[in-house]
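Novice: Chain by chain, the residues:
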Amino acid sequence: MFSNTGDRKPSIFCLAPLNGWDNYQLVKNCGALPYIFHKEYGFRSVMVGVCRYASPEEYTLLKYLPGVEMDFYTDSSVEAKVKYIEQHAWEIDVLVLHGFWPEYTSIVAKYKECNPQGKIYMETDINSHSFDREQWSYPPFLQMLANCDVIGASCRSMQKAVSQKWPCRVEYLPNGFFSFTDIDLSTNYNVKENIILTVGRIGSSQKNNEELIKAFAKIYKKIPDWKLQLIGPTTEDFTKFFNQFCLKNNPGLFHKISLTGSITDKNELMAQYKRAKIFALTSTFEGGTPNVIGEALFNGCYIISSEIDGASDAVNNGLCGKTYPSGNIDALANCLLTACQDEALLQNGFDQAISYAHKKMDFKKVIARLYYLLFQEDHN
Amino acid sequence: MEKIIYKNCSYILIHEDNSGQLLLNAFDPLNNHSSVPMHYMTEKNGQLSTQFYWFDMIQTVIKEIPPSENSTVIISLLLRLISCLAKKARPFNFLWIGNEMKQWLSPLNSLLQEFNSANRLYWLSEQTIPSSAPSIIPIQTKITEYPFPAQFYDCVIIDNTSIKTIPIGSLIPKTINSIVPFGKLLIGATQNNSISKLQSLLETAAIFPIDKFSVIDSDITPTIAQKIFATTKTFEVQQAKTILKENILALKPLLDSTSPNDYDNLITAVTKLENDLLLLYPYLISSDIKFLVNRLKETMIEYRLEFDDLDQINNAYTALIDEMQRFGDFN
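First to last, the protein sequences are chains A and B. Mapping to this note's numbering: the first sequence position 158 is 158, numbers consecutive. Mapping to this note's numbering: the second sequence position 190 is 190, numbers consecutive.
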């Protein structure tokens, strides 16, 4: 397979979408992919983008990806990216693109021109909103699709829709869970507490966390032994909303909700998932199945999710969770109340979630399938 | 006519009969398999706003329809026609049977062109239809004498102006004969027509009665189609379909008898099937078949990597065969 690389290690280069990698993306699927290629398959793995910080040292979460390199464009212009590809194409065996952005048409064309044998994986991370706007019959876009060896969608509904529409093969490659620090994933329902958990950028408009607070406010008196926990960096606007909503308008609610802030230590974060019986996701949209869903499933949380494109995948078609129409606070409150009052449902959900997670959300398995799709062989 | 809010972001056209609902479904981005985006974003003074592409196009057509007792029926039929266009990115052949002067032909032509330049709307009328629009082909003849081609149109529309003047009982069998399997027959009927008589002429008809009028919306199932159709597909496409079907059927015994370690050749064969299907896809009525072949390949790779068992492969294979039989694409 890599006879053309000579003494050189095979390599995979992952390009950042638009303006470079954020630190937090290193410990999500974006960082897990090159790390697994490095750790499991012996690849040289490089994450490329514009440096978003004052110095590269500020990518502190790179410590979770030992052996993965970072490299940087001179600036964020398309010209700089194409020039980078021109200079490095000879040493890139697999090029990974995240999202589908107009600049990729030039990047893909240049890469294939300079290294026709090279492989391209485009992880579209597509959602129905961006999907609908894409003028896919635009010839350069069609050419780009034709040049990609593997095109992935991270949830089943988007895979199906894209497959029906774009003239290319589309693979289901979900954003599964990967344990960067060999965390002990064994868990037991008996250690769980009456906690509804959410994790993410708390207060961002996409995550729509206000909906969860408002729904919990409607039911918390009926489930007095339950608490709501929100983990993640919190926006100023959300803090204002929280203080106004809880302190002034619903003072009894304040002590039932904890805003934990950001937890970057993966062991500590997993411990929080293990404690929670329910994981709630209120996003208005997501690229597919978000990373937090894999984490929650591996830890046996019963999932309650808004109807994002990947909602059916998140709850395994209702076997380990329930969905509600985004924006419908009453429906969310009803889902939460029903689950909180049904111990058998949660326990069964726990078993289903663990089994489903190991089968379908194990990112090492997802990447093993990607490897097979790229090279038509099992690495082992 | 009213507007309703679609999800969190869109306004769409909805009509008082269920044609609005059909269009609403077509407006769901996941159901829009045409090459025309449902919406696009614009920016003015740093503010993003959503514009609705189809909505604007449909409005342009509808505003050209003069208000009359027939206009509601015509609009309903048009909305259904547009929801057909959104189902798949392939050229559609429509046949509109009706006698009134159509001021809205030109904007309708633009809309058809936008979806696919190969879309064709054949206009069967006993009156002169002046049209220089490339997507609209006038056929001026006595409707009862028109030699309907077999299995040619994706959708035939008989508007209510025709129903008043045409012996509908003899027309319906001819039109059914001219529709491809899983094509549509739309009839704009007024209350003056005998709906039950019309329904009895169709084996499967769903009727949506409201005060002023009804539209009969009938799927032409393969069973009906096979009774009366002779295939008219081009030889090359038919041959490619036959080979593809044979290859899919030949897979079955191999799937069961091959050990995981020897699956590589089988997976290569299915990948080739997928590639062949990409070329055939525009000629197929089923929208799911490409997805289902991919699903089969996915289960095979998981079996090869020993992540899953044979049951998953068999389930995926059965779903694929069911889809092939259901739409009759490979009959």
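There may be inaccurate statements among the hints.
[Claimed, not checked] Only pairs whose alpha carbons sit at most 16 Å apart, straight line, appear in this in silico EDC-like list of lysine to aspartate or glutamate:
#  : chain 1 : residue 1 : chain 2 : residue 2
1  : A       : 359       : B       : 309
2  : B       : 245       : B       : 276
3  : A       : 364       : B       : 306
4  : A       : 359       : B       : 306
5  : A       : 28        : A       : 362
6  : A       : 364       : A       : 40
7  : A       : 359       : B       : 43
8  : A       : 359       : B       : 322
9  : A       : 119       : A       : 362
10 : A       : 365       : B       : 246
11 : A       : 274       : A       : 351
12 : A       : 110       : A       : 86
13 : A       : 119       : A       : 79
14 : A       : 365       : A       : 378
15 : A       : 63        : A       : 149
16 : B       : 252       : B       : 306
17 : B       : 142       : B       : 126
18 : A       : 365       : B       : 276
19 : A       : 39        : A       : 86
20 : A       : 360       : B       : 308
21 : A       : 110       : A       : 91
22 : B       : 272       : B       : 246
23 : A       : 83        : A       : 71
24 : A       : 365       : A       : 40
25 : A       : 364       : B       : 308
26 : A       : 360       : B       : 246
27 : B       : 272       : A       : 149
28 : A       : 365       : B       : 126
29 : A       : 360       : B       : 309
30 : A       : 364       : A       : 182
If you're looking for bench data, these hints aren't it; they were derived computationally from the structure.
Novice: If a hint holds in the structure, say so; if it doesn't, say that too.
Specialist: The hints, checked one at a time:
| no. | hint | in the structure |
| --- | --- | --- |
| 1 | A:359 x B:309 | holds (11 Å) |
| 2 | B:245 x B:276 | holds (11 Å) |
| 3 | A:364 x B:306 | holds (13 Å) |
| 4 | A:359 x B:306 | holds (11 Å) |
| 5 | A:28 x A:362 | holds (13 Å) |
| 6 | A:364 x A:40 | holds (9 Å) |
| 7 | A:359 x B:43 | violated (44 Å) |
| 8 | A:359 x B:322 | violated (26 Å) |
| 9 | A:119 x A:362 | violated (24 Å) |
| 10 | A:365 x B:246 | violated (32 Å) |
| 11 | A:274 x A:351 | holds (13 Å) |
| 12 | A:110 x A:86 | holds (7 Å) |
| 13 | A:119 x A:79 | violated (22 Å) |
| 14 | A:365 x A:378 | holds (11 Å) |
| 15 | A:63 x A:149 | violated (31 Å) |
| 16 | B:252 x B:306 | violated (19 Å) |
| 17 | B:142 x B:126 | holds (5 Å) |
| 18 | A:365 x B:276 | violated (28 Å) |
| 19 | A:39 x A:86 | violated (27 Å) |
| 20 | A:360 x B:308 | holds (10 Å) |
| 21 | A:110 x A:91 | holds (14 Å) |
| 22 | B:272 x B:246 | holds (13 Å) |
| 23 | A:83 x A:71 | holds (14 Å) |
| 24 | A:365 x A:40 | holds (11 Å) |
| 25 | A:364 x B:308 | holds (14 Å) |
| 26 | A:360 x B:246 | violated (32 Å) |
| 27 | B:272 x A:149 | holds (14 Å) |
| 28 | A:365 x B:126 | violated (65 Å) |
| 29 | A:360 x B:309 | holds (13 Å) |
| 30 | A:364 x A:182 | holds (13 Å) |
This entry does not satisfy hints 7, 8, 9, 10, 13, 15, 16, 18, 19, 26 and 28, going by the numbered hints stated previously.
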